[in-house]
Structure formats: structure tokens, C-alpha cells
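Participant: The chain contents come next:
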Amino acid sequence: MEVIAFSLDGTSATPASSIAVATNNQIENKKASREFSNSAGRRILIVEDDTDLAGFLSAELEAQRYIVDVIHDGQAALEAIESGTQYNLLILDLNLPKLDGMALIERVRPSHPRLPMMVLTARTGIEDKVKAFHTGADDCLTKPFSLMELLARVQALLRRNSGMIPNASKIGDLTLLREERRVERNGRKIELTPREFAILDVMMRNAGRPVSRATLLAEVWNMPGEPSTNIVDVYMKYVRDKVDLPGEPRLTHTIRGFGYELREA
Amino acid sequence: MSFVKPSYTAEESTPMASLREQHERFCAEVAEGLHALAQPLTILRSAIALLAVAKENGGDCARYVELSARQIDRTCKLFASVQGLVASSTVPAEPEPIDIESLLARMVTNRSHTLDEVGIGLAAAAMKSPATAFGDPQRTEQALSAAFETAVSVSSAGDVVKVDSSVSDGFLEFSFESTSKRDNNLKSSDRLNLSLAKANILSQQGRYEFTAEPFRISLALPVHEPEEIESETLFCTACTD
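Protein chains in written order, with this note's numbering: chain A, 1 to 265; chain B, 1 to 241.
For reference, chain A alone in the conformation it holds in the complex (with noise of 0.2 Å):
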């Protein structure tokens, strides 16, 4: 895919990624130029208080080629993601009016596990940081930052995202989509909740490896450290009851003493 996200002779009204030019050469802009080449169609979604960085942000996205919605509070963002609409990427302010970023992040990653989510924040402590990964924030960046490093920081979460995860997943006759959310068995529908959908994710990712219940305590309820709760074993058996009906082959098994795992007989 090629994208001219901006040229040398200073037509291109995309300034952005030619900051290199500043500090470096043409030839150095030309790299940019290319690291930025794959963002086309890529739907970003800005939820930022502040109407002047999220106009900046989503004017200079959108001269990268990225189609960027801007949403000002929480709760218009949260419904915006609900609604249906495919993002590729979040970038959220944590300061944010009505639904405050953290509690955005906590109601969006059951039910969208592969959305990768960029937090902007101003707060410097480590403590801020290290909760807004827990929650599961997948990137953070303090203000006031550069615009050149938002950029990569962008591509890389993209290229992370479309390289490491495919949409569909398949084992035995199961099928997961990501994207369209949708789980089949052998034709049938099956309707999981968000967090049975989460379970079921990792366990598809985790195929025919044994997966404790420490890491689905941390991946799907961000509650990460040894599992003092029967929450994984509850949801597992919903899981299980909806997967795995009378007569057809088992695909969940229990790990005594550890966990679960996905496979085939």
C-alpha cells in the first residue's frame, strides 16, 4: 500500500511526519515517510478533553491518512465504542468528564480485547502509569509529548496489533472471530457475555497449552497475582456449558491444581 503521507517539496499539506527534516536530512524524512506508509483506512478514535490538542491530534492523524473521530468525554466515547463502530486504536486522556479514562479502559477491554488503547496523560508518577497498564492500557505517554513520537508510538501499537493476533481462530470445529465478535461450533451460533467472550480469546490464543487461572485473572479481570477467588472457575463452567453441549466432543479440559486448556480430545 502506498501512501504519500507527505513530500520533500513541501506540497503535501502533512507536515507532521517530516519532522525528522528539522533535526536530520531529506533522507532521513524519506524513512519517515515510508514508517508512516500502512496507516490508510486505520480508524482512530481521540477522546481528549481538551479541543485544542484533540483537534491537533486528529488534523495531523488525519494527514498520516488515519480517518479519526474525536470524542470530548468518556461516556459519548464509551457509547461510540459500543455502538459498534471497528476502531484500531483508542487515545485517551485519563482527566476525562463524566467516565474518567481509567474507568473507560476497565469498560471497554472485556469485550474488546484486541483494540489497543494509547493513554495521555499529565501525570508524571509511576504509580499513575503502572496502574493505567494493570487496567489495561496497552501504551502511555506524558505530556507534554512530540507529536513525532506519538506518531511511531501509533504505528507501532497498529503494526503490533494486525501482526500478533489474527481476527479468526479456530479449533476442531470452533471458530472465533475477533472483529465480528461472533463464535461458532460446527454452524452454531454461540452467544457468550463480553467477559465469557474474553475467556474464551484466551484460551483461543492459548490452544493446546495449559492456561493457569492467574493469567486469566490478569488478562481478562486485570487482577493480576495469585488467584484467591472461584470468579475463573464460574466463568470457566459458563464457558464450558455453552462451548461444550451433551454429544459433542469435549474442546475445554481442567488442569488439575492449574487451570484450563483448549484442544482436541
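Keep in mind that the hints were calculated from the coordinates and are not lab data.
Incorrect hints may appear among the rest.
For each label pair, taking beta carbons as the anchor points, the in silico distance ranges come out as [unchecked claim]: (1) ARG63/B x GLY172/A: 26 to 34 Å; (2) THR51/A x ARG25/B: 43 to 51 Å; (3) ARG43/A x LEU34/B: 51 to 59 Å; (4) GLY208/A x HIS23/B: 52 to 60 Å; (5) PRO92/B x VAL130/A: 36 to 44 Å; (6) GLY119/B x GLU62/A: 21 to 29 Å.
Each residue gets a CB set at the ideal place from its N, CA and C atoms; glycine is no exception.
Mind docking chain B on chain A? Use the hints.
Facilitator: This is chain B only, laid out in the frame that chain A set:
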């Protein structure tokens, strides 16, 4: 640490707050100011670099010049607010008789044209009982301006900002209201302005009140009694002679 925006439901001056509480509030207010400053600085940091690139490539410099100028102006205003906030708790006020009515009239006149352009109405009532307040002129002007700008900031086209004044119980009160029906979510710069207005007024024995619904900020300073003016005048005359 919570990231939820502070709730601005209703607030009154609390002169009995402990030193520790005052210190914690002061730190939170300064942090709010720094948070507000981070927004324009983020834009500036990038816009300056983009401007350099555009200049070298013969690109569109005007956009980034205009953008940078606006953000520098914003940064300077926020910086002045943080500076005012710090000064109000570290430097003693220097009270003197102030003609607030003229000060406020000038403020309103200067802003009326820009408000008219964006469709925000302005209703400034004439002073019902002219009186002179006793306060620090610089602090008072900064407090009034901060309150006025906050009322403007929460308003949008079709809303009306009302400025009123009255005298009661030895205090000259100025109120700034907005008919805005927007929900109770203030921008960080608005929260900083409220903190500034409050700190500046309380630091000179004034009164501060805020309610979010309806949006109303009230600032009051002690009235300067005419007898005091006369006695001061006489004293000065005697000294001159």
C-alpha cells in the same frame, strides 16, 4: 490517586479549614494548573518542530505560526493564573479602596464584542448602590477576571452571562452567572480560574461562593466606609502641609 474530575457542586469559603487541609488544597490547585499547562505545551512542542519543517520545505508555515501564537497566548494566561495562585498564598495582600465598578465596566466592555461574535449574550446590571470596596487591586482584578472568564467559558451560543453587584452586611458582592445548561464538567483551565478567584478573594478577607447549577460565582469584599476615606484624606492633607 483518582483521575475523576473534581466535583464542583457547591462550594463556600471555609476560613476554619486546617493548615494541613489548606496545604493539600493548595497543592491540588497547583497540580491542576500544571495539568492545564501541559495541554498547550504539547501542541507547542510539536507545532514549533512542524513549523521548522514547513519552512525548510516551503510548506504552509502560516497554520503552525497561527497555532503556535494561540497556544503561547494560552500558556501565558495559564502561567499567570498559576503565578497568581502561588502569590495569593505566599505574599500578603495590600488592601486599599478600589473602584470595582469602573474596573468591572472596563472588563465587560472589552469582552462584549467578542462575546457578541460567538452569540453569547451579556447582561451587566448597573450598580444598585455604588460603594467602594477595600481590597488588593491586582488580586481583585485577577479574581474578577477569572470568575468572568469562567462564566464565559462554560457558555455557548444562545447563553447569557449575567454580571451583577449588591451591597449587604458590609460586603460588596459581585456575581457572575451563566444560563448555560451544560452538565457539570469544567475544563482544567476553568477549574484553575475558579481556584484563582477563590484564593485571591479569600486572601483579602473576602467571601467566595460557587454553585454549578445554576452556574454562579459570587465574590465579595468588605465595603470601604466613606468616613475612612475622609479621615485618610485629612491625614494626607495634614502631612502635606
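Participant: Using the Cβ atoms, figure out if PRO92/B sits within 36 to 44 Å of VAL130/A.
Facilitator: For VAL130/A against PRO92/B, whose Cβ atoms are near 42 Å apart, the range 36 to 44 Å holds.
Participant: Taking 21 to 29 Å as the hint, is the beta-carbon distance of GLY119/B and GLU62/A inside that range?
Facilitator: holds, 28 Å
Participant: Regarding ARG63/B and GLY172/A, is the given constraint of 26 to 34 Å on their beta-carbon distance met?
Facilitator: Cβ of ARG63/B to Cβ of GLY172/A: about 57 Å, so the range 26 to 34 Å is violated.
Participant: For the range 43 to 51 Å, tell me whether the beta carbons of THR51/A and ARG25/B fit it or not.
Facilitator: violated, 27 Å
Participant: Take a look at whether the Cβ-Cβ distance between GLY208/A and HIS23/B falls inside 52 to 60 Å.
Facilitator: Since GLY208/A and HIS23/B have Cβ atoms about 58 Å apart, the given range 52 to 60 Å holds.
Participant: Does the beta carbon distance between ARG43/A and LEU34/B stay inside 51 to 59 Å, or does it fall outside?
Facilitator: violated, 33 Å
The structure is inconsistent with the numbered hints 1, 2, 3, although it conforms to all the rest.
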